[in-house]
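A.B. asks: Sequence:
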Amino acid sequence: MPVPCSAGRDRPRGTVRARPCGGAAARAARVLRQWLSDDAWSAGERLPSEPALARQLGVSRVSVRAALAQLQSEGLVSRRHGSGTYVNSVRPLVRSLHHNVGSDELITSGGCVAGVAELSWRQERADRDVADRLGIEIGAPVVHLKRVRTADGAPVTVSHDYFAASLLPDRPITVGPSLYEFLSTVCGVDVAFGVATLEAAFVGDHAAVFGVAASELCRVIRQVDYDAAEHPVSYSIEYHLASAFEFRLVRQRPASARAVSERPPVR
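Using the working numbering, you'd call the opening residue of the sequence shown number 5 and step up by one each time.
Hints are computed from structural coordinates only; laboratory data are not their basis.
Careful, some of the hints might be misleading.
[Claimed, not checked] Label-pair distances were calculated between CB atoms; the ranges are:
1. 226 x 43: 31 to 37 Å
2. 86 x 124: 53 to 59 Å
3. 131 x 177: 20 to 26 Å
4. 178 x 106: 16 to 22 Å
5. 73 x 233: 41 to 47 Å
6. 188 x 145: 19 to 25 Å
7. 206 x 123: 21 to 27 Å
8. 202 x 234: 18 to 24 Å
9. 178 x 136: 25 to 31 Å
10. 85 x 142: 52 to 58 Å
11. 202 x 141: 24 to 30 Å
12. 87 x 182: 35 to 41 Å
Ideal placement from N, C-alpha and C gives every residue a C-beta, glycine not left out.
Put together the whole structure using the sequences plus the hints.
C.D. replies: The structure is reproduced here in C-alpha cells:
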C-alpha cells in the first residue's frame, strides 16, 4: 500500500491531457488514480476543488465529478457533503475488482518495481475454450501471447492471452509488454470493458516459473475483454502467486441506503 507523502511534497501542476480514448471522465479518473498512487496527497487530506482539478486535468467539471465518483466507488476517496473530497487512509492494494487494471499497475500499486521475465508469442489453432470465449470457430487461427511478470525481480504472475489472428495488420509487428496498448496502436481495437471470473488453484505446471512447490496456491483470473460494440476482443488467463498479492473488494451499500444515511437530520 502506498505510504502517505510528506506535507512538503509538490502537488501536480499544470494541465494534463491524456490520450483521447475512453471518455474524458475515464481519462480524468486514470490520472487522478495515478496521482493518488504516487502519494500526491496525504492520507486524510482534502483534494483540490472540482474547478481546480478540472483546470489541471483539462476536462470539464462534470467529467471531474464523474471521475471522483468512480474513485469513491473504488474506495480511494470519500466525498463529504458540503466539505469536499478526501483521500482515504485505508486504500486497497487492488483498487476494486471492478476496476480493470493491468498486471504492471497491480504490482506497482503495492510499491514494487514491475518487470517482464519472459515475453513470447505464436500463432496456433483455437481450441474449444478459446473459440467459445472469442466467438470464433474451433481451429481458427489465434495469437497466443505468454508473459511472466515480476515484482522486484521475482516472478509473481504468468499470463496467457489469446486474440483472433485476423486482427493482425498485414505488416511486420513488434509485440510489447502491454496487450491493451498493442491492440489499440497496432490492431486498431480499443478494449472498453472486461468480464472476469476469479478462482483458487494450485500453481501446478507453473511451479518452476514461480520457483515454488507445485502445491503452492495461486489465484486464477479468466477474463474476456470486449470493445465498445460488445464484441469479444481477447481472452486472458492469469495466474497470480497467492503469497505475492492481496486482493480486496470494496463493497458499497445500495444507493437507496446511502441516500437515507446521508439525509440531513430533521430539525
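A.B. asks: Next, verify each hint and record whether it holds.
C.D. replies: Checked hints:
Separated by about 33 Å at the C-beta atoms, residue 226 and residue 43 satisfy the suggested range of 31 to 37 Å. Take residue 86 and residue 124: their Cβ atoms lie about 55 Å apart, and the range 53 to 59 Å holds. The given range of 20 to 26 Å is respected by residue 131 and residue 177, whose C-beta atoms sit roughly 24 Å from each other. In this structure the hint that residue 178 and residue 106 lie 16 to 22 Å apart at CB holds, the actual value being about 18 Å.
Take residue 73 and residue 233: their Cβ atoms lie about 25 Å apart, and the range 41 to 47 Å is violated. For the pair residue 188 and residue 145, the supplied restraint of 19 to 25 Å holds, since their beta-carbon distance comes to about 21 Å. Here the CB-CB span from residue 206 to residue 123 is close to 25 Å, well matched to the stated 21 to 27 Å. Take residue 202 and residue 234: their Cβ atoms lie about 22 Å apart, and the range 18 to 24 Å holds.
The hinted window of 25 to 31 Å between residue 178 and residue 136 holds, with their beta carbons roughly 30 Å apart. Separated by about 55 Å at the C-beta atoms, residue 85 and residue 142 satisfy the suggested range of 52 to 58 Å. A beta carbon spacing of about 29 Å between residue 202 and residue 141 agrees with the range 24 to 30 Å that was offered as a hint. The hint said 35 to 41 Å for the Cβ distance between residue 87 and residue 182, and at roughly 38 Å that hint holds.
Consistency note: the structure conflicts with earlier hint 5 alone.
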